[in-house]
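Let the hints inform the model, and build the full structure from the sequences given.
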Amino acid sequence: MAKDGWDLPTGDLMKGKKGVVIGVANHDSIAWGIASQLAAQGAEMAFFHLPGMERRVQPLAESIGVTTVVPVDVTQDDQMDAAFEAVKQAFGTIDFFVHAIAYAPRDQIKGSFVDNATREGFLQAMDISAYSFVDCARRAEKLMPNGGSIICLTYMGSERAIPNYNTMGVAKAALEAATRYVARDLGPKGIRVNALSPGAMRTLSLAGISGGKGMLAKGRDLSALKEDTSMEGVAGAALWLLSDLGRSTTGELIHVDAGFHMMGFTEDEEG
Numbered sequence: 102m103a104k105d106g107w108d109l110p111t112g113d114l115m116k117g118k119k120g121v122v123i124g125v126a127n128h129d130s131i132a133w134g135i136a137s138q139l140a141a142q143g144a145e146m147a148f149f150h151l152p153g154m155e156r157r158v159q160p161l162a163e164s165i166g167v168t169t170v171v172p173v174d175v176t177q178d179d180q181m182d183a184a185f186e187a188v189k190q191a192f193g194t195i196d197f198f199v200h201a202i203a204y205a206p207r208d209q210i211k212g213s214f215v216d217n218a219t220r221e222g223f224l225q226a227m228d229i230s231a232y233s234f235v236d237c238a239r240r241a242e243k244l245m246p247n248g249g250s251i252i253c254l255t256y257m258g259s260e261r262a263i264p265n266y267n268t269m270g271v272a273k274a275a276l277e278a279a280t281r282y283v284a285r286d287l288g289p290k291g292i293r294v295n296a297l298s299p300g301a302m303r304t305l306s307l308a309g310i311s312g313g314k315g316m317l318a319k320g321r322d323l324s325a326l327k328e329d330t331s332m333e334g335v336a337g338a339a340l341w342l343l344s345d346l347g348r349s350t351t352g353e354l355i356h357v358d359a360g361f362h363m364m365g366f367t368e369d370e371e372g
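Per the numbering used here, the very first residue in the sequence shown carries number 102; after that it's consecutive.
Since the hints were derived computationally from the structure, they do not count as laboratory data.
Quick caveat, the model's predicted, so the values are computed rather than measured.
Cβ coordinates follow ideal geometry from the N, Cα and C atoms, glycine included.
Mixed in with the good hints there might be a few duds.
Stated by the list, open to error - Simulated restraints on C-beta separations:
1. Lys327 x Asp182: 45 to 53 Å
2. Glu353 x Glu186: 18 to 26 Å
3. Val215 x Gln177: 28 to 36 Å
4. Asp216 x Thr111: 44 to 52 Å
5. Ala325 x Gln177: 39 to 47 Å
6. Pro152 x Asp105: 21 to 29 Å
7. Gln177 x Arg261: 31 to 39 Å
8. Pro152 x Ala274: 22 to 30 Å
9. Asp216 x Gln190: 42 to 50 Å
10. Gly360 x Gly193: 40 to 48 Å
11. Pro152 x Ala191: 14 to 22 Å
Here is the structure:
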């Protein structure tokens, strides 16, 4: 049982594997849930985090033995250079990379997409939420001479028009397309690349979206399993893809949302 109350299985599926997780912000972060599961299975890792988040991230890192913790603004090439150099110095080579960051200005994730979308906000969302994944994958590949696994996090708002998700949905659609192209290019080098699409969860990202609490309730009520997306479920899917259990799987979009993504009419709506 993890300190946060999650029931995360322990073992040695990740024993001997080293990697990077970018996106841990607090104990509710999906990135933190994934990192906790990887650590419970023997992984060593480094954390990249948003500058200014040290006080939140450092205690979490220490609790699972992470000693390489690097603040990085993914829009700044010099900071990215320094972050990956720190990983190279710490580990030499890596086996996995978890991309769990996204951002859109608040005015881009509320109300009307058409009315509120701005050039500046749109480009910023694409840069941080989608391009940064390509940049991270390119840099991670240089540290994966023996192959490896890369995952990113997306959401159903890329595939369906979710109220208020707006510009972030467009950025997530770009992220998913990028996943396929990166998977194609890195496949011959033995690097698998996949995207996880969790349902709505109580995170800082959700808190920034207008009507975020409603997304939680609807995600549960309209799902096939009639339950919230669990951290254990998302972390378990990440473990599968990042460990050797995920061999032969690449270029995939994996939904971990209690079946929300595949539902049509609910029983009440069927008449």
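Against the structure, the hints come out as follows:
Taking 45 to 53 Å as the suggested C-beta distance range, the pair Lys327 and Asp182 conforms, at roughly 47 Å. A C-beta distance of roughly 31 Å is found between Glu353 and Glu186, which places it outside the suggested range of 18 to 26 Å. Between Val215 and Gln177 the CB atoms are about 31 Å apart, so this pair conforms to the stated range of 28 to 36 Å. For Asp216 and Thr111, the hinted distance range of 44 to 52 Å is satisfied, since their beta carbons lie about 50 Å from each other.
For Ala325 and Gln177, the hinted distance range of 39 to 47 Å is satisfied, since their beta carbons lie about 42 Å from each other. Restraint check, Pro152 to Asp105: a C-beta distance of roughly 24 Å satisfies the suggested window 21 to 29 Å. The hinted window of 31 to 39 Å between Gln177 and Arg261 holds, with their beta carbons roughly 33 Å apart. Evaluation of the 22 to 30 Å hint for Pro152 and Ala274 yields a pass: the beta carbon distance comes to about 28 Å.
Range check, Asp216 to Gln190: about 48 Å between beta-carbon atoms, so the 42 to 50 Å window is met. For the pair Gly360 and Gly193, the supplied restraint of 40 to 48 Å holds, since their beta-carbon distance comes to about 42 Å. Judged by the Cβ atoms, the range 14 to 22 Å given for Pro152 and Ala191 holds: they are separated by roughly 19 Å.
Consistency with the previously given hints fails for number 2 only.
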